[in-house]
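Each chain, written out:
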Amino acid sequence: AQSVTQLDSHVSVSEGTPVLLRCNYSSSYSPSLFWYVQHPNKGLQLLLKYTSAATLVKGINGFEAEFKKSETSFHLTKPSAHMSDAAEYFCVVTLGGQAGTALIFGKGTTLSVSS
Amino acid sequence: GAVVSQHPSRVICKSGTSVKIECRSLDFQATTMFWYRQFPKQSLMLMATSNEGSKATYEQGVEKDKFLINHASLTLSTLTVTSAHPEDSSFYICSARMTTGDYGYTFGSGTRLTVV
Chain X
1 AQSVTQLDSH
11 VSVSEGTPVL
21 LRCNYSSSYS
31 PSLFWYVQHP
41 NKGLQLLLKY
51 TSAATLVKGI
61 NGFEAEFKKS
71 ETSFHLTKPS
81 AHMSDAAEYF
91 CVVTLGGQAG
101 TALIFGKGTT
111 LSVSS
Chain R
116 GAVVSQHPSR
126 VICKSGTSVK
136 IECRSLDFQA
146 TTMFWYRQFP
156 KQSLMLMATS
166 NEGSKATYEQ
176 GVEKDKFLIN
186 HASLTLSTLT
196 VTSAHPEDSS
206 FYICSARMTT
216 GDYGYTFGSG
226 TRLTVV
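Chains X and R supply the protein sequences, listed in that same order. According to my numbering, the first sequence is numbered sequentially starting from 1. According to my numbering, the second sequence is numbered sequentially starting from 116.
Note that these hints are calculated values from the structure, not bench results. Watch out, some of these pointers could steer you wrong.
[Said to hold, decoys possible] Under the rule of at most 30 Å between Cα atoms (straight-line distance), these lysine-lysine pairs were calculated in the BS3-like manner: (1) X:K107 with X:K68; (2) X:K107 with R:K170; (3) R:K135 with X:K42; (4) R:K135 with X:K68; (5) R:K179 with X:K68; (6) X:K58 with X:K69; (7) X:K107 with X:K58; (8) R:K170 with X:K58.
[Claimed, not checked] In silico negatives: residues of chain R with every beta carbon more than 10 Å from chain X: (9) K129; (10) S133; (11) F149; (12) Q157; (13) G176; (14) A187; (15) S188; (16) S198; (17) S210; (18) G219; (19) F222; (20) T229; (21) V231.
Please read all numbers here as calculations on a predicted model, not as lab measurements. The C-beta atom is built at its ideal place from N, Cα and C for all residues, glycine as well.
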């Protein structure tokens with residue numbers, strides 16, 4: 001079965017400094033991996049996704065993630081944090097190519113950004 | 116792009132009553148819809164997978180008689196919380212996967228259920 005582990009429940013950074021949110025995955029097959037963001041009392045927004053194409057994936061708002069099969073990791077990064085980045089981030093996995101396959105969410109990482 | 120419309124966005128109900136949540140795919144056919152539940156400050160937990168024209172598949176620990184799922188058409192799936200109790204208060208969100216294009220997932224905007 002596939003799963004994801006988000007290694008940090010809470011990350012705090014200062015505005016303008018780099019962001020690193022860590023995620024490890026477990027999957028018996030070639031996974032599709034996603035990062036979603038959820039702002040307070042809001043729905044989910046897709047940041048980026050990996051679906052077996054380029055291992056370095058660029059997303060919205062300056063975020064990117066690198067798929068490393070040898071390390072079973074899919075860490076999310078951003079060079080410079082902005083106050084508006086404060087939110088809950090979810091690393092998500094699914095088996096690729098099957099319409100009936102649900103997304104499996106990690107426990108989430110709360111990103112706090114201080115001025 | 117693909118849109119899933121979820122209603123209501125918020126609902127408050129009394130203990131013992133039932134609440135129906137609807138998710139409609141507006142511009143595509145959703146043969147499969149996924150229902151998630153999110154408790155405050157926690158992650159989304161998959162409750163069930165809804166398939167058009169057949170019975171839903173429930174995840175372990177989810178009471179199928181309490182959380183009734185109906186997927187009668189390719190554009191509508193409903194979740195009914197029956198005999199609601201305060202512990203059912205949660206954020207419920209549906210999701211569907213495109214069967215064409217980039218096979219991306221799209222989410223409803225969620226329903227905040229409060230049982231008093």
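>> Between the alpha carbons of K170 of chain R and K58 of chain X, is the straight-line distance 30 Å or under?
In response: violated (38 Å)
> Is the nearest CB of chain X more than 10 Å from the CB of S133 of chain R?
Replying inline: holds (24 Å)
> Does the alpha-carbon distance linking K58 of chain X and K69 of chain X stay inside the 30 Å limit?
Replying inline: holds (17 Å)
>> If I take the minimum Cβ distance from G219 of chain R to any residue of chain X, is it greater than 10 Å?
In response: violated (7 Å)
> Within a Cα-Cα threshold of 30 Å, do K107 of chain X and K58 of chain X meet the stated pairing?
Replying inline: holds (23 Å)
> Does Q157 of chain R really sit off the interface, with its C-beta more than 10 Å from all C-beta atoms of chain X?
Replying inline: At about 7 Å from chain X, Q157 of chain R fails to clear the 10 Å cut-off, so the statement is violated.
> Between K135 of chain R and K42 of chain X, does the CA-CA distance stay at or below 30 Å?
Replying inline: holds (20 Å)
>> Between the alpha carbons of K179 of chain R and K68 of chain X, is the straight-line distance 30 Å or under?
In response: Cα-Cα ~39 Å, so violated.
> S210 of chain R clear of chain X by more than 10 Å, beta carbon to beta carbon?
Replying inline: violated (7 Å)
>> Please verify that the nearest CB of chain X lies beyond 10 Å from A187 of chain R's CB.
In response: Label holds. Min Cβ-Cβ 18 Å, cutoff 10 Å.
> Does the claim that F149 of chain R lies outside the interface with chain X hold up, using a Cβ gap greater than 10 Å?
Replying inline: The claim is violated: F149 of chain R sits with its nearest Cβ about 5 Å from chain X, within 10 Å.
> Far enough from chain X: is every CB of that chain over 10 Å from the CB of K129 of chain R?
Replying inline: holds (23 Å)
Of the numbered hints given earlier, the model fails hints 4, 5, 8, 11, 12, 17, 18, 19; all others are met.
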